Amino acid sequence: MKEIIRRIASSIVLIIVVSFVTFFMLMLIPGDAVEISLGTEATPERVTELRAALGMDAPWYTQYMSWFTHALAGDFGVSFTYGENVTTLLLSRLPVTLSLMLMAIVIAVPLALTIGVIAALKQNKTFDIIARTLMQMGDAMPQFWIALIFLVYIAAQIEIFPISGFTPFSESVYGGVMSLFLPAVVLAFGMIATLIRIVRSSMLHSLKQDYMLMTRVSGVHPVRAIIKYPLRDALIAPLTVIGIQISGLISGVIVVESIFSLPGVGRLLFSAVLKRDLFLILGLVSFIVTSVIIITLITDILYILLNKKMRRNES
Amino acid sequence: MRKYLLILSIVLLLIPSTLGLVSLFYTPYPITQMDLGNRFSGMSTEHLLGTDQFGRDILSRLMVASRYALLLGTVSVTLGLFIGSLIGIISALSKKWISMIFLRFIDGMLAFPGIVLAMMFVVVFGDGIYSTLVAIAIFMIPIFARLTYSLIKEQQHALYIVAAKSIGLSTTRIVWRHYLPVILPRLVTQFSASIGSAILIESALSYLGLGVVPPNASFGLMLKEAQSFMLSYPYLILPSGILLVITVLGLNLMGDTLNDRLMKLGDTND
Amino acid sequence: MKTKIGVLFITLMFALVLSACGNGSDEAKELLNENKNTEAKDGLKIAISVDPDGLDPHRTTASSTFVITNNIYDTLVKVTKDGEIEPSLAASYEQSEDGKTLTFNLREDVQFHDGTALTAKDVAYSFERIKDELGPRKDNYAYITEVNVIDDYTIEFKAESPSASFISDFAYPWAAIVKDGADETLKKDPVGTGPYKLVNWTPQDKIVLEGVDHYNEGQIQNVEFKMMPDSTAQVTSFKKGDIHLIETTGDVVDTLGDATIIEIDNNSVQLMAMNLENDYLSNKKLRQAINMAVDKEELINAVWWGYGKQIGSHYPPVLKGYVDTTGTYPYDVKKAKALVEESGAKGITLNMKLPSDYPNYVAAGQIIAEKLEAIGIHVKIETIEWGTWLTDVYGNRDYDLTVVGHTGRIEGYDLLEKYNSTRSDNYFNYKNTEIDDLLSSIKVELDEERRMDMYEQVQTILAEEVPALYIQEPTRIYGISDDLEGFSAYPIDVFELKDLKFKE
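Protein chains in written order, with full-length UniProt numbering: chain A, 1 to 315; chain B, 1 to 270; chain C, 1 to 504.
Calculated from the structure, these hints are not laboratory results.
Computed from a prediction, not measured in an experiment: that's the story for all the values here.
The beta carbon of each residue, even a glycine, is placed where N, CA and C say it ideally should be.
Certain hints may be false.
[As the list claims (entries may be wrong)] Quick list of simulated restraints, FRET-style, between CB atoms:
{"#": "1", "chain 1": "C", "residue 1": "49", "chain 2": "B", "residue 2": "262", "range": "20 to 28 Å"}
{"#": "2", "chain 1": "B", "residue 1": "98", "chain 2": "A", "residue 2": "69", "range": "27 to 35 Å"}
{"#": "3", "chain 1": "A", "residue 1": "223", "chain 2": "B", "residue 2": "26", "range": "55 to 63 Å"}
{"#": "4", "chain 1": "B", "residue 1": "98", "chain 2": "A", "residue 2": "58", "range": "32 to 40 Å"}
{"#": "5", "chain 1": "C", "residue 1": "210", "chain 2": "A", "residue 2": "58", "range": "40 to 48 Å"}
{"#": "6", "chain 1": "A", "residue 1": "167", "chain 2": "C", "residue 2": "189", "range": "21 to 29 Å"}
[Said to hold, decoys possible] Cross-link-like lysine-lysine pairs, in silico, DSS-like; alpha carbons within 27 Å at most:
{"#": "7", "chain 1": "C", "residue 1": "320", "chain 2": "C", "residue 2": "100"}
{"#": "8", "chain 1": "C", "residue 1": "346", "chain 2": "C", "residue 2": "418"}
{"#": "9", "chain 1": "B", "residue 1": "3", "chain 2": "A", "residue 2": "308"}
{"#": "10", "chain 1": "B", "residue 1": "3", "chain 2": "A", "residue 2": "208"}
{"#": "11", "chain 1": "A", "residue 1": "122", "chain 2": "B", "residue 2": "96"}
{"#": "12", "chain 1": "C", "residue 1": "158", "chain 2": "C", "residue 2": "320"}
Using the sequences and the hints given, assemble the complete structure.
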């Protein structure tokens with residue numbers, strides 16, 4: 001328990017440090033929102049003047065402190081590009097990205113579990129080899145490549161899959177699912193091979209443990225024995241990599257959202273970086289970092305708890 | 001059956017490695033040589049894989065791209081491996097509060113959107129392979145750090161470690177003599193698979209305009225250039241795409257078979 | 001699928017019931033007709049690839065904004081397709097003898113989208129806003145020293161000196177008239193007098209506009225701009241029939257089938273700028289050599305699929321006063337080599353900074369670099385991201401060569417003024433007193449003929465001195481679905497939605 005509290009406290013410090021580092025780096029790199037917004041249509045003096053008018057000529061630490069104090073009060077500032085509150089923008093995009101990621105997980109995890117478990121049980125048989133090779137192939141393709149092929153050869157031909165855009169679930173559940181299906185499959189491709197590998201090796205590992213021999217000796221039905229121990233282990237094994245998977249998902253999300261024109265958080269972040277929309281970047285980065293840290297925290301705790309419970313069951 | 005998988009992965013990997021190696025001495029054409037009168041030519045005896053939008057020879061570019069991919073992948077993952085496992089070892093073996101700081105550092109790196117980071121590097125280091133290299137290494141660091149950390153934690157209470165400690169061996173010595181031999185095989189397995197992901201990360205960065213820059217050649221860049229002609233010259237996405245899949249698939253299968261071997265070894269050791 | 005059939009069924013039932021009970025009644029027929037009209041001839045969808053930079057015309061320079069806001073706001077005067085000025089919000093206008101005063105008589109029947117009537121006060125406020133410290137175009141309007149509201153529908157602008165671009169400065173979309181007192185929320189809640197009003201804007205997703213009643217001359221009522229960053233996705237959607245209007249590139253034109261293709265000369269220039277601070281590039285001979293080393297036709301074919309018009313100086317052919325200077329340095333590698341030799345630049349290395357956000361400029365840069373290698377000049381290509389480009393190249397002038405484009409204006413002066421040696425946006429570091437003098441005279445010359453004469457001189461000098469390799473005036477290519485008509489683009493990078501109609 002003490003451990004958990006300490007971890008939460010240090011995570012909060014981490015989030016603050018990350019926001020600070022992000023801010024600092026953005027100050028270091030050339031180009032800012034004003035410069036990009038004016039482009040080649042205005043003189044450099046105008047850029048300097050406008051920067052001053054917007055208070056962007058203040059020393060960076062003053063700017064950071066003012067952002068930070070506002071952020072503590074829940075005000076993440078206004079996006080320079082959209083003139084809209086950062087929180088509002090984020091909240092309007094979140095449903096798209098969350099549904100997309102969730103759907104990718106819903107597609108990938110059951111498939112990975114099934115294939116992984118069967119592959120482990122039939123280790124080195126034809127099924128194992130073929131299934132793994134196929135899945136590895138999916139994993140070996142760049143996501144934008146699959147996405148574009150899907151777009152040109154599936155979405156363009158088949159009426160039910162829209163080429164672009166997102167239908168909110170509040171409008172139509174069917175439409176929402178269809179608008180996210182292809183992008184979600186692309187994302188699922190990217191994580192499925194890793195998941196299979198983990199499930200499979202976890203299964204193989206537990207199958208060889210002493211207690212499996214024990215169950216066989218004590219005459220437990222082999223299927224029951226498998227369900228009882230190795231399968232359980234295999235089911236929670238993916239939890240260990242969820243942090244890595246999610247951070248991988250986020251880069252995939254940017255690519256997929258761009259190709260399928262989905263108005264999600266990934267694309268928002270990407271365009272914010274291109275336009276050096278300072279507050280928007282800070283808000284989004286802080287949010288993403290916070291959520292990934294929370295998810296890792298939860299899965300870590302969950303894993304420890306589940307493991308303990310299991311070990312207890314074993315003895 | 002497993003043998004076939006290993007053979008398959010070796011065969012697959014031989015393709016880009018041979019192309020890459022040969023490109024050191026010979027390419028059919030210089031990779032930046034343009035022939036604007038002969039753009040988008042299909043396969044011919046002059047250009048075995050045809051030419052691209054500038055009339056450059058696709059085969060020559062692919063050869064150099066293979067070399068870059070393997071080089072970029074290996075170097076960046078090696079970098080990630082070294083820095084990452086160092087961080088992992090330190091955080092696993094040092095005092096509680098230092099360990100806490102390092103662990104949070106890993107968390108932070110893992111959580112930080114890679115794209116923002118990659119962008120910063122491209123902007124700061126300017127163009128070229130180096131910024132891509134560093135960006136990919138940074139993707140890799142937390143992965144290796146976490147892996148090393150958990151591997152060491154697993155072993156920490158093993159009998160031989162406790163014994164080594166009790167006879168007063170220094171921490172460095174324990175790491176060198178006792179931890180490394182145990183965790184190294186696992187790291188090597190991860191290493192092989194990570195090179196595959198490094199090549200994929202490069203291609204995603206290229207799609208977003210943050211990867212290797214023209215007139216260089218990389219799988220990602222060639223694929224990105226080809227995809228803008230996807231509707232007018234769809235076959236252009238095939239050569240670089242297929243070679244990329246072959247390379248990454250080879251690396252992943254290699255990692256897989258190594259992993260299997262390793263588990264078997266571990267079992268016999270027990 | 002099921003829901004679709006359901007909707008169809010209900011619509012059918014509804015129609016049947018209506019026609020049954022309303023038999024003979026004109027009202028019902030009309031209702032039915034209207035229903036049919038909105039179903040068959042409404043809902044225009046246009047693809048855009050970049051989000052607008054806010055919807056406040058006074059706070060940005062992004063053309064992605066003006067494409068939208070041009071339909072939401074009006075300007076006092078506007079420019080016709082041929083580049084002539086005609087009245088818009090102003091019913092008429094009058095310029096004084098000395099050219100320093102412009103008086104506009106406003107139309108009295110104009111309303112903002114919220115129902116308030118337009119008066120001279122709104123106009124005065126708008127210009128106050130354009131000229132305040134947050135206005136990116138503040139400098140362009142600094143010469144207007146006085147704005148006087150004469151009465152509710154008359155307003156007078158006074159300039160410190162006569163200006164050639166006085167009247168055209170009121171026609172640009174960034175001189176849009178907003179409501180008196182409008183504040184920074186215009187960025188997301190625009191209120192204008194234009195033919196369309198904003199229904200909603202979901203950044204990076206879509207912008208929905210709706211026709212305003214009193215403009216209703218058969219204009220399409222519902223318009224949706226769909227944000228689609230990937231061009232393959234745009235073309236694919238267009239072919240599938242989800243999108244009615246896209247801007248596209250030369251290579252896909254042939255694949256668009258039945259669609260109407262409209263080509264429009266885009267009032268802008270694309271060039272490879274040279275930094276004259278570089279010791280070698282300050283030598284005119286080397287610049288000439290560079291110009292002779294590149295076959296522009298081949299270049300335009302390779303990068304823009306031949307869609308573009310060659311230029312010889314910083315002046316697009318579509319603009320009034322253009323002279324053809326493309327023949328000044330014809331493609332001649334031999335001569336170019338000799339000139340390089342003469343200028344002592346053989347074997348030097350120049351850096352070329354290319355903006356990675358513009359793939360065409362990167363492509364053109366690569367080709368030019370190849371051509372320069374052929375005449376003995378090494379080029380080190382560096383692709384940098386747009387933000388960095390603006391700081392390094394445009395701001396700090398830290399470069400040797402770069403490829404970029406400049407948007408055109410109605411009056412040539414506004415395009416050319418960056419060649420004035422005192423300007424801070426003269427990133428060529430070009431200094432020529434003759435040009436400086438000519439530009440200052442053009443600025444105050446009201447006689448059109450004499451002005452055009454001087455434009456010709458400027459073009460000839462630039463074409464001869466070549467501080468840049470002038471490439472082309474690009475052609476914009478629009479794909480339009482075959483049931484749509486009336487599309488035309490204006491020489492200031494915008495188009496009018498109200499011109500568009502679905503065919504019967």
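Hint-by-hint comparison with the structure:
no. : hint                        : verdict
1   : C/49 <-> B/262: 20 to 28 Å  : violated, 49 Å
2   : B/98 <-> A/69: 27 to 35 Å   : holds, 31 Å
3   : A/223 <-> B/26: 55 to 63 Å  : holds, 59 Å
4   : B/98 <-> A/58: 32 to 40 Å   : holds, 36 Å
5   : C/210 <-> A/58: 40 to 48 Å  : holds, 42 Å
6   : A/167 <-> C/189: 21 to 29 Å : holds, 25 Å
7   : C/320 <-> C/100             : holds, 23 Å
8   : C/346 <-> C/418             : violated, 30 Å
9   : B/3 <-> A/308               : violated, 38 Å
10  : B/3 <-> A/208               : holds, 21 Å
11  : A/122 <-> B/96              : violated, 43 Å
12  : C/158 <-> C/320             : holds, 26 Å
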